[in-house]
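Number of protein chains: 2
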Amino acid sequence: MVSDESPGGADRDQVGLLEGMATTRAIRRFRPDPIPDADLATILWHASRAPSGSNRQSFRFLVLRDGERAGQARSLLGEAFRAEWARKQGEDGYLTGSGADPGSRKGRMAATMQQFVDGFEDIPVVVLATNVRERAPHVTDGASVYPACQNLLLAARALGYGGVITMWHELVAAPLRACLGIPDEVMLAATIALGRPQGHHGPVRRRPLAELVYEDAWEQPAPWAVDPDGTRFTGAAPDRLRR
Amino acid sequence: MVSDESPGGADRDQVGLLEGMATTRAIRRFRPDPIPDADLATILWHASRAPSGSNRQSFRFLVLRDGERAGQARSLLGEAFRAEWARKQGEDGYLTGSGADPGSRKGRMAATMQQFVDGFEDIPVVVLATNVRERAPHVTDGASVYPACQNLLLAARALGYGGVITMWHELVAAPLRACLGIPDEVMLAATIALGRPQGHHGPVRRRPLAELVYEDAWEQPAPWAVDPDGTRFTGAAPDRLRR
Numbered sequence: 001m002v003s004d005e006s007p008g009g010a011d012r013d014q015v016g017l018l019e020g021m022a023t024t025r026a027i028r029r030f031r032p033d034p035i036p037d038a039d040l041a042t043i044l045w046h047a048s049r050a051p052s053g054s055n056r057q058s059f060r061f062l063v064l065r066d067g068e069r070a071g072q073a074r075s076l077l078g079e080a081f082r083a084e085w086a087r088k089q090g091e092d093g094y095l096t097g098s099g100a101d102p103g104s105r106k107g108r109m110a111a112t113m114q115q116f117v118d119g120f121e122d123i124p125v126v127v128l129a130t131n132v133r134e135r136a137p138h139v140t141d142g143a144s145v146y147p148a149c150q151n152l153l154l155a156a157r158a159l160g161y162g163g164v165i166t167m168w169h170e171l172v173a174a175p176l177r178a179c180l181g182i183p184d185e186v187m188l189a190a191t192i193a194l195g196r197p198q199g200h201h202g203p204v205r206r207r208p209l210a211e212l213v214y215e216d217a218w219e220q221p222a223p224w225a226v227d228p229d230g231t232r233f234t235g236a237a238p239d240r241l242r243r
Numbered sequence: 001m002v003s004d005e006s007p008g009g010a011d012r013d014q015v016g017l018l019e020g021m022a023t024t025r026a027i028r029r030f031r032p033d034p035i036p037d038a039d040l041a042t043i044l045w046h047a048s049r050a051p052s053g054s055n056r057q058s059f060r061f062l063v064l065r066d067g068e069r070a071g072q073a074r075s076l077l078g079e080a081f082r083a084e085w086a087r088k089q090g091e092d093g094y095l096t097g098s099g100a101d102p103g104s105r106k107g108r109m110a111a112t113m114q115q116f117v118d119g120f121e122d123i124p125v126v127v128l129a130t131n132v133r134e135r136a137p138h139v140t141d142g143a144s145v146y147p148a149c150q151n152l153l154l155a156a157r158a159l160g161y162g163g164v165i166t167m168w169h170e171l172v173a174a175p176l177r178a179c180l181g182i183p184d185e186v187m188l189a190a191t192i193a194l195g196r197p198q199g200h201h202g203p204v205r206r207r208p209l210a211e212l213v214y215e216d217a218w219e220q221p222a223p224w225a226v227d228p229d230g231t232r233f234t235g236a237a238p239d240r241l242r243r
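Chains A and B are the protein sequences, given in the same order.
Residues in the first sequence are numbered from 1 upward in steps of one, following the numbering used here.
Residues in the second sequence are numbered from 1 upward in steps of one, following the numbering used here.
So here's chain A without its partners, still in its complex pose (with noise of 0.2 Å):
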């Protein structure tokens, strides 16, 4: 059977599968709109329709908004982020070069970084992506819950949020595990901020596609993976923002 609309979202449909893939940028600057909660669950009831390890559904979403829990967990986040933060940021060259120059790209990068930790604890929503594993970890664990976070970014999309992935948890995996209850076999897979963005979506820029794509063997080139009209481009994030 096809459907010709998706349950609870279809009105609101107005992006296109394609183009709102290729415009789904980052965002780390949010205004402070609540999402309300119709909202979110149609975000997450999207996440869930990804795939997942012999559809096991093995993913859980936590939700972190202004319950008790939420905000000690927010604050342990906030802290982390902060303090990540002002060490990667003068490990990577924030701090001198292209990186002090508020108006480079590099600038701009770090201005946005800073607001992003700084105002953590009044991001919209925080959802913490989890996998509960029924083996040893593996490094495919990943499968049966990183598909749904992408879902999770588009959905936010189609419906005007925006989001970014972080595994900058991993800083405080050990309080935020006790903060929340959350049992050693569950994987943290991700934290993720949601909100109306500052800022716009549109294109974002990649590598050249036959940088990305082999056929036949490795490294082998694959002459018909060209970029569409219009493709903007960069270089690997960090090696480029350095120069």
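If you're looking for bench data, these hints aren't it; they were derived computationally from the structure.
Heads up, the beta-carbon is just placed ideally off N, CA and C, and yes, glycines get one too.
Don't take every hint at face value.
Distance ranges between label pairs, derived from CB positions [to be verified]:
id, chain 1, residue 1, chain 2, residue 2, range
1, B, T234, A, H138, 48 to 54 Å
2, A, F233, B, Q198, 35 to 41 Å
3, A, E134, B, V132, 24 to 30 Å
Given the coordinates of chain A, assemble chain B onto it according to the supplied hints.
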């Protein structure tokens, strides 16, 4: 800047973003039609729009079609998949009870799996999704490749194709690496089969959203996490299929 179109795909972008996520099923039965190079490029281009750790774009897609080494790799995979399915078929009770009834849900799944593994070498396109590591393997490495895999499946859906992610390449990881020249530091993240579907996309079944979403702490209910009208449910596949 807000873009109104997706380079290279806008004219065919007829499926809505939310609808696409809600109706992208795992497709394991394929028509013999090849995927034209331009469509494959569009699919992989959208895959590569996904986020990755620090936007490093460490994902690499190795396309296996009719090349010499692709043929060898597909044979390795096909043999492994057939052996694994034969094993799983017995272990997961596909040969007894409802699994032995061709008209049951489980029986239909068994027939689909048999067709998938029997015809693996003839599936139009197989993509090996990989991730180039810069550190020791870590359980969150998949955050840099599985979002792209999900985009890949959604982009295929947008163009009228379908596919499925499997991890069964792990049974032949060593010979597969040798055959294709894939270095040890590259993670074999997923094998994705792609082609024009026999059968159709349509609404996927998942658990009730309330089982997948918590608020404020682990296993604390989120009363607002309700499924939209028209949602169809399934329990976790392995348990439910056993009934």
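Results for each hint:
no.: 1; hint: B:T234 - A:H138: 48 to 54 Å; in the structure: violated, 24 Å
no.: 2; hint: A:F233 - B:Q198: 35 to 41 Å; in the structure: holds, 38 Å
no.: 3; hint: A:E134 - B:V132: 24 to 30 Å; in the structure: holds, 28 Å
Hint check: a violation occurs at hint 1 only; the rest are consistent with the structure.
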